[in-house]
Amino acid sequence: MAVELDVALVSPEEVTYSGSAEMVIVRTVEEGDIAFQAGHVPFLGVLAPWSVDVLRPGGERDTFAVHRGFVEVSHNKVTILSDVSEPAAEIDVARAESARQRASEALASDSDDAQAGAALERANLRLRVATSA
Amino acid sequence: MPGGKERELRRRIGSIQSTKKITRAMELIAATRVVKAMQRANAARPYARLITSVIEDLAAGGAEVDHPLLRQADEIRNVGFIIITGDRGLAGAYNTSVIRTAERQVMAHVSEGKGYSLCCVGRKSASYFRFRNYRIDHAMSGFSDNPSYDDARRIAETVSESFLSEAVDQVELIYTEFVSMGTQRVVVRRFLPLVDTEMMAAEGSGTGREGSFEFEPSPEAVLEALLPRYTEARLYGALLDAAASEHANRQRAMKAATDNAEELITKLSRAMNQARQDAITTEIMEIVGGAEALSGGDASDVEAALASMLTGTDASGLAPAGASGRPA
Chain C
270 MAVELDVALV SPEEVTYSGS AEMVIVRTVE EGDIAFQAGH VPFLGVLAPW
320 SVDVLRPGGE RDTFAVHRGF VEVSHNKVTI LSDVSEPAAE IDVARAESAR
370 QRASEALASD SDDAQAGAAL ERANLRLRVA TSA
Chain L
2 MPGGKERELR RRIGSIQSTK KITRAMELIA ATRVVKAMQR ANAARPYARL
52 ITSVIEDLAA GGAEVDHPLL RQADEIRNVG FIIITGDRGL AGAYNTSVIR
102 TAERQVMAHV SEGKGYSLCC VGRKSASYFR FRNYRIDHAM SGFSDNPSYD
152 DARRIAETVS ESFLSEAVDQ VELIYTEFVS MGTQRVVVRR FLPLVDTEMM
202 AAEGSGTGRE GSFEFEPSPE AVLEALLPRY TEARLYGALL DAAASEHANR
252 QRAMKAATDN AEELITKLSR AMNQARQDAI TTEIMEIVGG AEALSGGDAS
302 DVEAALASML TGTDASGLAP AGASGRPA
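Sequence lines, in order, name chains C and L. First residue of the first sequence? That's 270 in this note's numbering, and the numbers climb one at a time after it. First residue of the second sequence? That's 2 in this note's numbering, and the numbers climb one at a time after it.
Pulled out of the complex, with its shape left as it was, chain C reads as follows:
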């Protein structure tokens, strides 16, 4: 496959990741997973709190937990704008585990606690990304 995608993961602070890829898999807020390959039509979407998988040409796979953001695809460039994202390797599993426990305890006592709900979602995503990598 000759044509590759240029991938960049950009946070407000800096460009956290850039490289080339054969395929990028993300999940948007409504319509589920979507995978991009070279030649995809220009696309602009809002990301759900989910993982972003970058399939590198060598067969490697880089996984990130992206808590919110946007994806823009045009001219074989995939740009992911997110203010909260982290690579799988940097996730502290023990911390995420304890955060999940705390959040579920808070939810058990008050099921309307939106903050705890969001925290639980974040912790679950981190654990999912960390264990799948």
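Check the hints yourself; a few may be wrong.
As the list claims (entries may be wrong) - Part of the chain L face toward chain C, derived, beta carbon under 10 Å: (1) Pro47; (2) Asp58; (3) Leu59; (4) Ser149; (5) Pro194; (6) Ser213; (7) Phe214; (8) Phe216; (9) Pro218; (10) Ala222; (11) Glu233; (12) Gly238; (13) Ser270.
Unchecked claim - Here chain C is said to cover these stretches of chain L; the calculated rule only asks that three of the stretch's residues, wherever they fall, bring their Cβ under 8 Å from a Cβ of chain C: (14) 33-46; (15) 50-56.
Claimed, not checked - Label pairs and their in silico Cβ distance ranges: (16) L:Ala109 to C:Ala387: 36 to 44 Å; (17) L:Gly183 to C:Asp361: 41 to 49 Å; (18) L:Arg46 to C:His344: 14 to 22 Å; (19) C:Gly327 to L:Arg190: 41 to 49 Å; (20) L:Gly183 to C:Ser378: 57 to 65 Å; (21) C:Glu390 to L:Arg186: 43 to 51 Å; (22) L:Asn43 to C:Ala387: 27 to 35 Å; (23) C:His344 to L:Val189: 54 to 62 Å; (24) L:Gln40 to C:Arg325: 39 to 47 Å.
In short, the hints are calculated from the structure, not lab data. Note that beta-carbon positions come from the ideal geometry of N, C-alpha and C, so glycine has one too.
We have chain C already, so just place chain L on it with the hints.
Below, chain L alone, put in the same frame as chain C:
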């Protein structure tokens, strides 16, 4: 009293020297920080550029929505100001020039019969406006020299809230733009309401992109999610610019202070040396006068008397040894 002036000068030189040490250290610290702040400002640029280009694409895709952040009030009654200054002084005119511009802006709006609402970022602006009995609605500080994105988000959220609740109809952002190491200037920018998407696009790189985008879930929903991020990114950019400007200004101010201290030390050392020389000369004159009076005008004895007195003053314990050599 001889030596009094000299001692006084020596004390002053000492105190200036220690001041110089402090200003030199501050200069060096500011110099390294300004480089770091510039790097951070540069690292943050891709995000701001991309988010603008996304808005460009949205505009090209024909997203026209009535987002509350775009609300243009029919009549502007209250104007909000975000004033970004540093937490600490000793940065030359950095804080005062921002504050002066801000105060002029507030005054101009008040004289037109509008209300104002201040959001002071940085201790310096907060204390200035508090002292002058301005009403401060929000004050945030503690991060001026190293702002994080979370700080920007907090400010953007607070200000957007008061805009959305119609407490203010317009928000101006006053900060110091970092043009280069040598140039920083205070700017007043419209923060809210956001100008419409075409104008935002025109503000951006202006690389006219072709191709129709697919939007998910819809152009309106993307814009809805995007606009708050856009305000945060703008504010973050302003904070980083302000931080870099603060460090650049502090470096310049401290360099000037160090140079002044050096100049002052040179001047005072000269004065001190002269004072010391004067004291020595006076002392010798006194000795000569005294010796002359002792010897009763015998010219041959003057020298010997002088020698004895000198040894006497220099090392009084050795006076008899000096006396033994006296021809009498």
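Right, here's what the structure says about each hint:
1. A cut of 10 Å between beta carbons decides the hint on Pro47 of chain L: the least distance to chain C is about 5 Å, and the hint holds.
2. Hint status for Asp58 of chain L relative to chain C: holds, with the closest Cβ pair at about 6 Å, below 10 Å.
3. Checking Leu59 of chain L against chain C by beta carbon gives a least distance of about 7 Å; that is within 10 Å, so the hint holds.
4. Among the interface hints, the one on Ser149 of chain L holds; its C-beta lies about 8 Å from the nearest C-beta in chain C, closer than the 10 Å criterion.
5. Evaluation of the Pro194 of chain L hint against chain C yields a violated restraint, the C-beta minimum of about 22 Å exceeding 10 Å.
6. Given hint, Ser213 of chain L at the interface with chain C, holds; its Cβ is 7 Å from that chain's nearest Cβ, closer than 10 Å.
7. Taking 10 Å as the C-beta cut-off, the interface hint given for Phe214 of chain L holds, the closest approach to chain C being about 4 Å.
8. The interface hint given for Phe216 of chain L holds, since its Cβ lies 5 Å from the closest Cβ of chain C, which is under the 10 Å cut-off.
9. The beta carbon of Pro218 of chain L is positioned within 10 Å of a beta carbon in chain C (closest approach about 4 Å), and the interface hint is therefore held.
10. Because the beta carbon of Ala222 of chain L sits about 6 Å from the nearest beta carbon in chain C, less than 10 Å, this interface hint is met.
11. Residue-level restraint check for Glu233 of chain L holds (minimum Cβ-Cβ distance to chain C is 7 Å; threshold 10 Å).
12. For Gly238 of chain L, the shortest C-beta to C-beta distance to chain C is roughly 9 Å, which falls under 10 Å, so the interface hint holds.
13. At its closest, the beta carbon of Ser270 of chain L sits 49 Å from a beta carbon of chain C; the interface hint therefore is violated under the 10 Å criterion.
14. Counting residues of the stretch 33-46 of chain L whose CB lies closer than 8 Å to any CB of chain C gives 3, which reaches the minimum of 3, so the coverage claim holds.
15. Here's how the stretch 50-56 of chain L fares: 4 of its residues keep a CB closer than 8 Å to some CB of chain C, so the rule of at least three is met and the hint holds.
16. Take Ala109 of chain L and Ala387 of chain C: their Cβ atoms lie about 43 Å apart, and the range 36 to 44 Å holds.
17. The hint said 41 to 49 Å for the Cβ distance between Gly183 of chain L and Asp361 of chain C, and at roughly 44 Å that hint holds.
18. Between Arg46 of chain L and His344 of chain C the beta carbon distance is about 20 Å. The supplied range of 14 to 22 Å therefore holds.
19. Look at Gly327 of chain C against Arg190 of chain L: about 46 Å separates their beta carbons, and that is inside 41 to 49 Å.
20. Taken as a hint, the range 57 to 65 Å holds for the pair Gly183 of chain L and Ser378 of chain C, whose Cβ atoms sit roughly 59 Å apart.
21. Between Glu390 of chain C and Arg186 of chain L the beta carbons are some 44 Å apart, a value that agrees with the proposed interval 43 to 51 Å.
22. In this structure, Asn43 of chain L and Ala387 of chain C meet the distance hint of 27 to 35 Å, their C-beta atoms being roughly 32 Å apart.
23. Taking the beta carbon of each, His344 of chain C and Val189 of chain L are about 37 Å apart, not inside 54 to 62 Å as hinted.
24. Gln40 of chain L and Arg325 of chain C have their C-beta atoms about 28 Å apart, which leaves the hinted 39 to 47 Å range violated.
Of the numbered hints given earlier, the model fails hints 5, 13, 23 and 24; all others are met.
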